[in-house]
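Student: The residues making up each chain are set out below.
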Amino acid sequence: MNKTALLAIETEHLPARFLFGALEQLKNNTENILKEHNLEYSAVNTFGTYRRLVVEIKELTAKAADIQKEVKGPPAALLKDKEGNYTKQAEGFAQKNGLKAQDLVIVETPKGPFLYAKCVVKGQETKNLLPQIFENIIRSLVFPKNMVWEDSCLHFARPIRNIVALYGDKLVKFEIAGVKSTKTSLPMLSFGAKPVKIDKPEDYIPALRNLEQPILADIEERKQTLIKALNSVASKLGYQADLDEDLINETISFTEHPVVLSGDMDIKFLKLPKELITNVFKKQLRMFPVVDNKGNLQPHFLAVRDGISVNQDEVRHGFKNVMTARLTDAVFFFENDIKTGLDKMAEKLATINFIDGLGNMAQKTKRVEELSLFIAANQPKEAKENIQKAAKYCYADLASSVVYEFSELQGYMGGVYAGKENFPKDSAVGIGEFYLPLSASSALPKTLCGAIVSLAGKLDSLSANFAAGQVPSGSQDPFALRRQAMGAVRIILDKNIAIPLNELIDKAIELLPKIENSRTAELFDFMWQRFALLLEQEQITPDVIEAIKPLKNKTLNQLVIIAKALNNAKNSQALMQAAQATKRISNILKKVEEKTFGDIKENLFSCNQEKVLYNTLKDINAQMIGQKLEQEKDYKEVFNLFSTLAGPLEDFFKEVMVNVPQIEIKNNRLALLDAIQSLLSKQIADLSKLQIK
Amino acid sequence: MNFQDIIHTLENYWKKQGCLIVQPYDLEKGAGTFNPATFFGSLTEKPTSCCYVEPSRRPADGRYGDNPNRLGKFHQFQVILKPAPANVQKLYLDSLKALDLDPKKHDVRWIEDDWQSPTLGASGVGWEVWLDGMEITQFTYFQIMAGYTLKPITAEITYGLERIAMFSQKKDNVFDVMWNDTTTYGEMVKESERQFSHYHFEQADIENLRRYVAENEEECKKLCKLGLYLPAYDCAMKVSHYFNILEARGAISVSDRTNIITKIRSLAKLCAQEYVKANTPEEKL
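These protein sequences, in sequence, are chains C and A. Residue numbering for the first sequence follows our numbering, beginning at 1 and increasing consecutively. Residue numbering for the second sequence follows our numbering, beginning at 1001 and increasing consecutively.
Same shape as in the complex, but just chain C:
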């Protein structure tokens, strides 16, 4: 009969951040291990707290499925001897597999006929398999960080102190890391009660829930209980709880029974910037801020404790003291920073190292300022001044006390301090936006000022890291350079920065001190890959992306237009014909080592086809001069124009030999082909890269 099985690994306090990952592994590993043993079941569920990782196997079969097995034996000739009796070998082989010699079969194999024993391996009884299965499940769990604590040196996140192991109402007996499995579970540590009897798997959750000090072992139940309690306590105050998802998940990972307490916060703390208070609450105190319906902070706190206490007021008092101490520190840091001022902070940057050989943060700031002005060259005077001011102070808050304590507030605090010092609004907002975007898809700087300085900062960090040889590889990207490159590309596109990518990169590199073994040559490709990702999201095909890559004098926004135009133009037969011919050009030129052909000399043309080709090219070049290249349709025209080369090119390759013995004529023809290639890779797109259907 199918019965439910349960394994509860009860440990000392697991780090809160391990819990969700551990439960996910527990589920997957259990499923895999059951599969290995051919055990059927209806569902595997996991749940738990920081002190218990529990897996429940529903309707687990009483017996593993039988397996059909074929075992290869000796060659078929050995089945019987001359007298027609079964040989000793045949009988022995049959017996070994639980058969009689007459049950053996002969199977043809590439090596000739052999004896086979076809037998059924009876599945073992689940109750006999479970001890090993449970042990294997425990051993299969891997945590972000492991430890040892006893003689067998089992690696686990924290010491295992009890194991509940049941199949139906029977104990599954085994021992691991010096702990014997039991039918009792541990209650909350602080309340020191006796172990709880668990008679059958279905009792685990209710037995713990019904304790005097309840334990909510089910994650979802614990989460809903917490949210409900936060909302109800906040609404009693007349406000709402700031239900931060991460903090909720963290809180249910360090409580077995979350109980919410509210308390007052001195109103004087509300003069601190909102993000600063929120950070102190969430990161240091693990408390929930209280807000009104507009999101404004209110002078209260919601703290969560583990379990019900007879002493709630004293606990509240303790929490309040800690909160007050932390906020007093924050006020001290904040006021200190305001007294110090951004100028002094910016000076202090000279004592903060950036990357060995690439100067300190003050020198980095200077580079970002120059790079920002380079990017902002065409902006009106006032905008330029604001950008310069933002750039001068973009890193200043790194020397502030608040950011030293709360690194995630970098940028934000700079913006706050700039506001207090009456910076022009654009500069202050720009400083606040300096580190945006924080992830591949999150918000970009809104102001042009913020965007330009942010872009400059990222370009400098990227080129400096590449100069120092710190290039991401595989999953290794400790300085988050991929994210920064993606951020830079997104900003360029969002604000239509009218400078080609390679010029931006070159300028950033030019500003760096010279350093040995620099790998900045790889930076363009690195950033191009991020750009390519965005193009692929727009359904641009990879060959089109390759084709536009040589257009180094185009801005990224122009390249997007060209890519879209080319993506559509791929249906045009004439263009594809021309593209086909350009592949030949590219192949011919690739084989030439010395690419110095000199100018095209018309007097050296001897065939009509080359003259026609040359004249068509001249025509195209002439028409391109006045051509407006702004929208997709402009490029459609350019492609049409270029398509006129298709016929002449075809005739050229049909009738004209390029590699002729007369070196002058050969070079002249190569020069003609090179002119076409150069038009493509500078003005249109390297059509030879296109995949032609």
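In short, the hints are calculated from the structure, not lab data. This list has only true hints and no planted wrong ones.
30 Å max Cα-Cα, derived DSSO-like pairs, lysine-lysine:
#: 1; chain 1: A; residue 1: 1190; chain 2: C; residue 2: 320
#: 2; chain 1: C; residue 1: 194; chain 2: A; residue 2: 1104
#: 3; chain 1: A; residue 1: 1171; chain 2: C; residue 2: 283
#: 4; chain 1: C; residue 1: 320; chain 2: A; residue 2: 1104
#: 5; chain 1: C; residue 1: 145; chain 2: A; residue 2: 1046
Given the coordinates of chain C, assemble chain A onto it according to the supplied hints.
Tutor: Same frame as chain C, now just chain A:
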């Protein structure tokens, strides 16, 4: 509970658990873990359980006695249990109860905090323990000491005595804590905090300190060669302390810092090697 009663209560409690009560080691150190009973005690297979008060000096943390939460010298109460008993968490909670801090009446939270000491070449896994939100204890299962992978594993419990006293006496200012029923903590230490802050931040002679570091390093190496690991380890502790003063004095650059830490770590390792050599049965070496 006053400060001295807290110490006596903890000593009494752990004495009943079979701990040897060791006296503070008479050299400056940054933390109780530097005490030879902890450092050497965790290294070999021999079981040990002991406890002691350990005055700990953090020159850079001094604030001239002006800051209600900061001290350049404070007191740890350290418990060392090897092998770590299976009920060690409960033993700890019962010790809080002995201090009239009943875990049933407070919120006790165990926050992941894996301790490491680059100077000792040591690391462990454990928690900081929060009582109603205040950190009062560091709890560690040592895994590595002086580069040695440990077996059996030692549990180290480090109580922050001033924090516990502030909590127990509901004081916001450490100097207001009662040492006994008539004398405050401030009366006992404030002047020393003031004078040592002046010394550590302004007066300490940088050249002399650098010389002390160099001399003690030499001495340590020399003594290790002679198998005199105990005085050698004293020298290593002195290097560490002078380094801490140099740091408070603002005389240590980033690269300096890494170099000296590496230096101290290799000294600690030398001492540990000699200790292990002398205290491990020959067939296991």
